[in-house]
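Enquirer: Here are the chains, one letter per residue:
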Amino acid sequence: MSTGILPAERLDALIGELWAAGYTVIGPVREGGALLYDEVRGSEDLPVGLVDRQEGGRYFLEPSGDGRFFGHTVAATPWKRFLDPPRRRLWRAERRNGQLHFLVETEEEVRFAFLGVRACDLHGIRIRSAVAEAGPEPDEALLDRRRSALMVAVQCTRAGGTCFCADLGTGPAVDLPADLVLTELLEDGPHRFLAESRTEAGAKILQRLSLGPAGEVDRAAAARAVAATRRTLAERSPRLEREGLRELLYRQLESPLWDEVAGRCLSCANCTLVCPTCFCSAVEDVTDLEGARLERWHRADSCFTAEFSQIHGGPVRASTRARYRQWLVHKLAYWSDQFGEPGCVGCGRCITWCPVGIDLTEVVRDLRRREAEESGERER
Amino acid sequence: MREVPRRYRVAARREEFPGTTTLDLQPVEPSPAADFAPGRFAMLGTFAGEVPISLAGVESYPTLRHTVRAVGGASAALAELGEGEELWLRGPFGRGWPVDDLVRGPVVIVAGGLGLAPLRPLLLALEARGVALSLFYGMRRPEEMLYRQEVVGWAARFPVHLSADRADPGWSGTVGVITRPLAQAPIPAEAGVALCGPEVMMRLAARLLVERGLDPGRIYLSMERNMHCATGHCGHCQWGPWFVCRDGPVFRYAEVAPWLDLREV
Chain A
1 MSTGILPAER LDALIGELWA AGYTVIGPVR EGGALLYDEV RGSEDLPVGL
51 VDRQEGGRYF LEPSGDGRFF GHTVAATPWK RFLDPPRRRL WRAERRNGQL
101 HFLVETEEEV RFAFLGVRAC DLHGIRIRSA VAEAGPEPDE ALLDRRRSAL
151 MVAVQCTRAG GTCFCADLGT GPAVDLPADL VLTELLEDGP HRFLAESRTE
201 AGAKILQRLS LGPAGEVDRA AAARAVAATR RTLAERSPRL EREGLRELLY
251 RQLESPLWDE VAGRCLSCAN CTLVCPTCFC SAVEDVTDLE GARLERWHRA
301 DSCFTAEFSQ IHGGPVRAST RARYRQWLVH KLAYWSDQFG EPGCVGCGRC
351 ITWCPVGIDL TEVVRDLRRR EAEESGERER
Chain B
1 MREVPRRYRV AARREEFPGT TTLDLQPVEP SPAADFAPGR FAMLGTFAGE
51 VPISLAGVES YPTLRHTVRA VGGASAALAE LGEGEELWLR GPFGRGWPVD
101 DLVRGPVVIV AGGLGLAPLR PLLLALEARG VALSLFYGMR RPEEMLYRQE
151 VVGWAARFPV HLSADRADPG WSGTVGVITR PLAQAPIPAE AGVALCGPEV
201 MMRLAARLLV ERGLDPGRIY LSMERNMHCA TGHCGHCQWG PWFVCRDGPV
251 FRYAEVAPWL DLREV
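Respectively, the protein sequence lines represent chains A and B.
Just so you know, we're using the working numbering here: the first sequence kicks off at 1 and counts up by one.
Just so you know, we're using the working numbering here: the second sequence kicks off at 1 and counts up by one.
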């Protein structure tokens with residue numbers, strides 16, 4: 001496909017082309033003290049000159065000291081808010097003269113352009129879509145929204161504080177076929193984007209922008225920036241060792257470590273809300289006061305609630321220990337059995353947004369260390 | 001997910017015992033043929049809510065039989081439906097009993113409480129194909145026996161062992177858990193087994209039968225979890241690596257045995 005240079009001052013032209021092509025453009029915007037994904041009308045909506053600092057249980061924005069549009073990393077909430085809306089009506093029913101009547105819900109068709117999708121989140125969207133595709137009755141509504149969406153990916157030229165994509169093979173370089181891939185460059189020239197199209201739809205957008213050609217200097221600068229991110233990721237924690245992970249977790253389902261984590265976990269469900277792949281939902285029926293009309297709603301749900309595993313007689317997972325274990329083992333082990341790969345992309349959101357800073361990679365490391373110590377003791 | 005349910009009408013209802021009712025359901029509108037095989041389940045709904053209910057039989061297609069016990073608002077509303085009243089149905093869902101394996105016979109059927117309901121269509125299908133059967137059926141009290149007339153008929157044709165947790169002097173079955181007669185009755189080592197009932201009963205029964213030399217690969221059990229969407233998308237019914245609504249509710253004991261020993265998975 002094609003490559004070119006988009007000068008920073010022409011970012012608005014790109015956003016304008018996306019709107020003109022019929023897309024609702026969603027990108028990172030500042031809301032209060034955090035970045036979220038929301039509608040972007042022009043480049044002034046983007047968090048220019050801001051970077052996010054993320055640590056276990058902490059998040060804040062600070063000036064970057066430069067004019068980058070995408071100096072930050074992943075925003076607080078993932079893109080699933082648009083592809084899998086947290087509340088939507090599935091159907092309605094009416095009861096008239098003892099007869100039931102059903103009304104199919106038709107959905108307003110929205111085509112999204114996601115501006116600023118990171119490599120890890122592209123994988124998150126792919127993994128979430130694979131869940132929707134599975135089984136005898138696929139979630140066609142979600143798949144339709146995904147198929148009609150345009151992905152404008154942005155390479156991470158800075159590592160976040162809690163992410164570990166390199167360990168899961170989901171980043172930092174954008175390796176999935178996004179429609180467009182941007183690398184924001186400040187070095188060796190003016191503020192600009194190396195813009196690369198990877199699909200027909202992306203190529204058409206670039207064509208309309210009639211970009212200048214990209215040179216070796218630009219490509220080298222882009223490669224250097226992503227390589228620097230990769231180095232940072234390798235040098236600091238969190239790190240997640242993938243080797244034998246599923247088997248480790250299956251051997252350690254009764255480890256006392258789960259009780260220790262449960263002593264800190266508030267069962268607040270934040271991790272499941274910010275996770276790009278967490279898909280659990282509930283169907284909820286709402287009736288009017290007369291009992292004549294009913295609406296069926298689909299809403300986001302979390303395995304951390306008591307009702308989640310309710311069967312008659314009480315919840316299957318009554319303890320926080322069981323709920324945290326379910327979440328982590330599902331993400332890193334059950335998911336592999338269900339869908340052929342882990343359900344984690346290493347975006348780090350669950351670490352950042354955990355009010356008490358529980359780090360799943362630390363839990364895994366502790367399980368590994370204890371198992372090694374125990375087997376060491378047995379050998380002695 | 002968006003698909004609306006199908007309308008059904010109660011063609012006949014029969015109270016098994018207070019709080020538990022068997023409903024024969026007829027589609028109100030012509031509906032496409034569907035595979036209501038033994039062991040599969042449907043989501044039955046009224047304006048009071050929707051719950052997963054196992055198929056208790058197909059009396060004459062498309063009339064479906066379901067036995068409902070009132071344990072919450074949604075199931076109570078179903079159990080109280082009168083003849084002619086409407087409800088909705090989604091499904092059938094899930095993997096049922098492996099009739100083709102079990103038909104090689106002989107087959108031991110072990111039911112606890114309402115667990116007899118999903119076993120009934122299996123029992124009828126196997127008997128119709130000449131399989132040598134035996135039934136072990138445990139209940140809390142003799143008054144809480146499902147399908148009483150049918151059970152009497154079965155007892156005249158093949159071995160039926162009944163056990164009640166508590167019983168009056170007039171009770172001819174054993175008193176106590178169903179695993180006791182299961183441990184003592186003659187059971188051929190080549191038998192296949194179908195289990196449905198409280199999880200603890202299934203775990204103990206399966207273990208006991210394996211100790212008696214039965215093949216864990218031919219012991220099947222039907223699991224209960226919080227089936228909600230019934231299509232494997234909502235995540236509520238997960239049990240270890242499985243979605244019970246899609247991968248089950250019937251599982252092969254050999255594949256799930258270690259998971260039955262884990263609490264709160």
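These are computed hints drawn from the structure, not numbers from a lab.
The structure presented is a predicted model; accordingly, all values stated were derived computationally and were not measured.
Ideal Cβ positions, reconstructed from N, Cα and C, are used throughout, including at glycine.
Watch out, some of these pointers could steer you wrong.
Per label pair, the in silico range of CB-to-CB distance [stated by the list, open to error]: (1) B:A155 to A:S319: 22 to 30 angstroms; (2) B:L208 to A:R242: 36 to 44 angstroms; (3) A:E260 to B:G73: 35 to 43 angstroms; (4) B:E85 to A:F339: 39 to 47 angstroms; (5) A:Q99 to B:A70: 23 to 31 angstroms; (6) B:E211 to A:E260: 49 to 57 angstroms; (7) B:A155 to A:G244: 52 to 60 angstroms; (8) A:T106 to B:D35: 25 to 33 angstroms; (9) A:G98 to B:G73: 53 to 61 angstroms; (10) A:S319 to B:V151: 35 to 43 angstroms.
Enquirer: List, from low to high, the hint numbers that the structure doesn't satisfy.
Expert: Structure breaks hints 1, 6 and 9.
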